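Chains as they are written, first to last, in the working numbering: chain A, 48 to 381; chain B, 4 to 340.
A hint or two may mislead.
Stated by the list, open to error - For each label pair, taking beta carbons as the anchor points, the in silico distance ranges come out as:
| no. | chain 1 | residue 1 | chain 2 | residue 2 | range |
| --- | --- | --- | --- | --- | --- |
| 1 | B | 207 | A | 85 | 28 to 34 Å |
| 2 | B | 46 | A | 320 | 36 to 42 Å |
| 3 | A | 239 | B | 153 | 35 to 41 Å |
Hint data in this document are derived by calculation from the structure and do not stem from the laboratory.
Given the structure is predicted, the values throughout are model-derived calculations rather than measurements.
Virtual Cβ for every residue (Gly too), placed ideally from N, Cα, C.
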Amino acid sequence: MSMPSAVADREITFAQAVREALAEEMRRDPAVFILGEDVAEAGTPFKVLSGLVEEFGTERVTDTPISEAGFTGIAVGAAMTGLRPVVDIMFGDFLPLAMDQIVNQAAKVHYMSGGKLRVPMVVRTNLGATRRSAAQHSQSLHALLSHIPGLKVVLPSTPYDAKGLLKTAIRDENPVVFFEDKLMFHLKGPVPEGEYTIPFGVADVKRQGTDITLVATSSMVQVALAAAQILEKDGISAEVIDPRTTVPLDARTIVESAKKTGRAIVVDEGHERYGVTAEIASVIAEGAFYHLDAPVKRMGAMDVPVPFSPALEDLTVPTAERVAEAARALCGRT
Amino acid sequence: MRRTAPRTETQQADALQGVAREQWLAMYEQMIKIRAFEEQVNELYRGAKMPGLAHLYTGQEASAVGICQALRPDDYITSTHRGHGHCLAKGARVDLMFAELLGKVSGYCRGKGGSMHIADPQSGNLGANAIVGGGAGIATGAALSAKRRGSGQVSVCFFGEGALGQGVLYEVMNMAALWKLPVIYVCENNLYNEYTHYSEVTAGELRARPAAFGIQCVEVDGQDVRAVYATTRRVVERLRAGEGPAFLISNTYRYFGHHVGDVNRAYYRSKEEELDWKARRDPLAILADWLTGEGLADAGTLEEIERRARAEVAAGVEFALAAPYPDPGEVDQHVYA
Numbered sequence: 048m049s050m051p052s053a054v055a056d057r058e059i060t061f062a063q064a065v066r067e068a069l070a071e072e073m074r075r076d077p078a079v080f081i082l083g084e085d086v087a088e089a090g091t092p093f094k095v096l097s098g099l100v101e102e103f104g105t106e107r108v109t110d111t112p113i114s115e116a117g118f119t120g121i122a123v124g125a126a127m128t129g130l131r132p133v134v135d136i137m138f139g140d141f142l143p144l145a146m147d148q149i150v151n152q153a154a155k156v157h158y159m160s161g162g163k164l165r166v167p168m169v170v171r172t173n174l175g176a177t178r179r180s181a182a183q184h185s186q187s188l189h190a191l192l193s194h195i196p197g198l199k200v201v202l203p204s205t206p207y208d209a210k211g212l213l214k215t216a217i218r219d220e221n222p223v224v225f226f227e228d229k230l231m232f233h234l235k236g237p238v239p240e241g242e243y244t245i246p247f248g249v250a251d252v253k254r255q256g257t258d259i260t261l262v263a264t265s266s267m268v269q270v271a272l273a274a275a276q277i278l279e280k281d282g283i284s285a286e287v288i289d290p291r292t293t294v295p296l297d298a299r300t301i302v303e304s305a306k307k308t309g310r311a312i313v314v315d316e317g318h319e320r321y322g323v324t325a326e327i328a329s330v331i332a333e334g335a336f337y338h339l340d341a342p343v344k345r346m347g348a349m350d351v352p353v354p355f356s357p358a359l360e361d362l363t364v365p366t367a368e369r370v371a372e373a374a375r376a377l378c379g380r381t
Numbered sequence: 004m005r006r007t008a009p010r011t012e013t014q015q016a017d018a019l020q021g022v023a024r025e026q027w028l029a030m031y032e033q034m035i036k037i038r039a040f041e042e043q044v045n046e047l048y049r050g051a052k053m054p055g056l057a058h059l060y061t062g063q064e065a066s067a068v069g070i071c072q073a074l075r076p077d078d079y080i081t082s083t084h085r086g087h088g089h090c091l092a093k094g095a096r097v098d099l100m101f102a103e104l105l106g107k108v109s110g111y112c113r114g115k116g117g118s119m120h121i122a123d124p125q126s127g128n129l130g131a132n133a134i135v136g137g138g139a140g141i142a143t144g145a146a147l148s149a150k151r152r153g154s155g156q157v158s159v160c161f162f163g164e165g166a167l168g169q170g171v172l173y174e175v176m177n178m179a180a181l182w183k184l185p186v187i188y189v190c191e192n193n194l195y196n197e198y199t200h201y202s203e204v205t206a207g208e209l210r211a212r213p214a215a216f217g218i219q220c221v222e223v224d225g226q227d228v229r230a231v232y233a234t235t236r237r238v239v240e241r242l243r244a245g246e247g248p249a250f251l252i253s254n255t256y257r258y259f260g261h262h263v264g265d266v267n268r269a270y271y272r273s274k275e276e277e278l279d280w281k282a283r284r285d286p287l288a289i290l291a292d293w294l295t296g297e298g299l300a301d302a303g304t305l306e307e308i309e310r311r312a313r314a315e316v317a318a319g320v321e322f323a324l325a326a327p328y329p330d331p332g333e334v335d336q337h338v339y340a
């Protein structure tokens, strides 16, 4: 059921893992190229792509104008005709600017053409609040994309997962939206030197437990792991499941864990209303109802635009303490 | 701005040198096939045999045919909601088109696309698109791909003047100009953004828009297939030489409404205007007159061509009506590759 945690001789950051995946895939396949704002010499504002233009040149690491719809649309056409673009959307908040290209074009071309055309492209972008960047640079919009048939949606939570999943995304024949947590770029973790990929639709058990299941995505995986540590002191054993991809979703692993523990909380940084937490909670309710000892709980971001003031912003995102508190309540230990 | 002036007669004559009689007759046949195709689409709609709606290309035939005749089979096009003419002109088959329009599994898209989404990669057609301006990114991306692969292909982005209101068009034109991509933005100006005259919703000079990006702009009488063909050939030559994108304004007119159900049109355009275009500017009549005037074809030859085209269309309708619908199991196939 669980994938072994990454074991490796070296530790690299999340940003380095992303960069390594791109470089390896670009060396492997000349059709792979990067398109986006400030991706070349600047290497993006987060420096995730630093050094790639030096190796691959501006033909394959191409700066665009500030035209998200335009360059995403160009990537769709390039993908349909033999290339494998990796589009860089600087902030997840800018996805709505390219939404027609992603939702109406990329996601539907294969189906509308009866399977004749394909769009093997990756849209790399990010999510995550608490950087004091206010409402237009802090959103976690992966639920919007997860709603659209034809798209795959990836949410890596460790450097190991980021590298393996990005390589899989680049090799996939479909449009894949790849969300990186921008607060995680400096997080270090074990990443083997050698070649590996991680399949989509396979959840990772980030921590084994018996009393309650915490299903957590992306930025919330660390929060859930920290909550599990707190709970351990209270004698509550929490299992942490990371779906890693919301589309396809590994419902089986999630449901099996909930059946085993009888309690579940779903934690995700998207807005709670109509969000990823709602979807996964209903998957658990439908699949594990007769095994549950308590209602499934959702914990998403508050349903408010992300405020600027730290005093307010920190209230909007689930924290380890709040997750632990909710878990204690579900376990009748308040 | 002189470099964006229309073709002179001499330039046109030069470009048309060496075009064989057979090619003009082939263009005539394609145009009349499109005309007959659309007549049948209208009939299928009126007879409640076609699900949904369709947007007829009737009246604009010279534009698609003149442009596509100047292309290689492997050159790309993207098309629009009013796309039947583009698809046929680029090489789509009548029977598979009709089957798609009727939602049959033997259609181009297994019945999953319909009238507004005909795609046929075999003929270079990357898809008609039901989002106005929706092909702009795709066509430009195909041009980028062609350039990087060094294939020598060009990409033609068909759109109506209504797409001039879509910002994404200017975003991709900017990049096409910066990166010298082999793409032609073909603005088929049929005067109406759905039910609104374009002049009511289009500020400034139309030609000034491509000019702002330094994109070569040519304007052509879209009712005259010879003019369209000659102009496109010259433009395509420039593109293949790596000189960057072009913007081609094809002035034309749609004979029917925005779609087959749009029959009461007096509130946005007059019957007189419609009759005037049909009487004086009909693309089929213009080519037929020239062919007979030059002694390249007599009335009998043209009638024979028309008979052949109509027979192909009739057979296509018959095929499509008899074709099976997709099995229920098709519904979740091809969501992912």
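Here is what the structure says about each hint:
no.	hint	in the structure
1	207(B) - 85(A): 28 to 34 Å	32 Å, holds
2	46(B) - 320(A): 36 to 42 Å	49 Å, violated
3	239(A) - 153(B): 35 to 41 Å	37 Å, holds
Of the hints listed earlier, the one the structure fails to meet is number 2.
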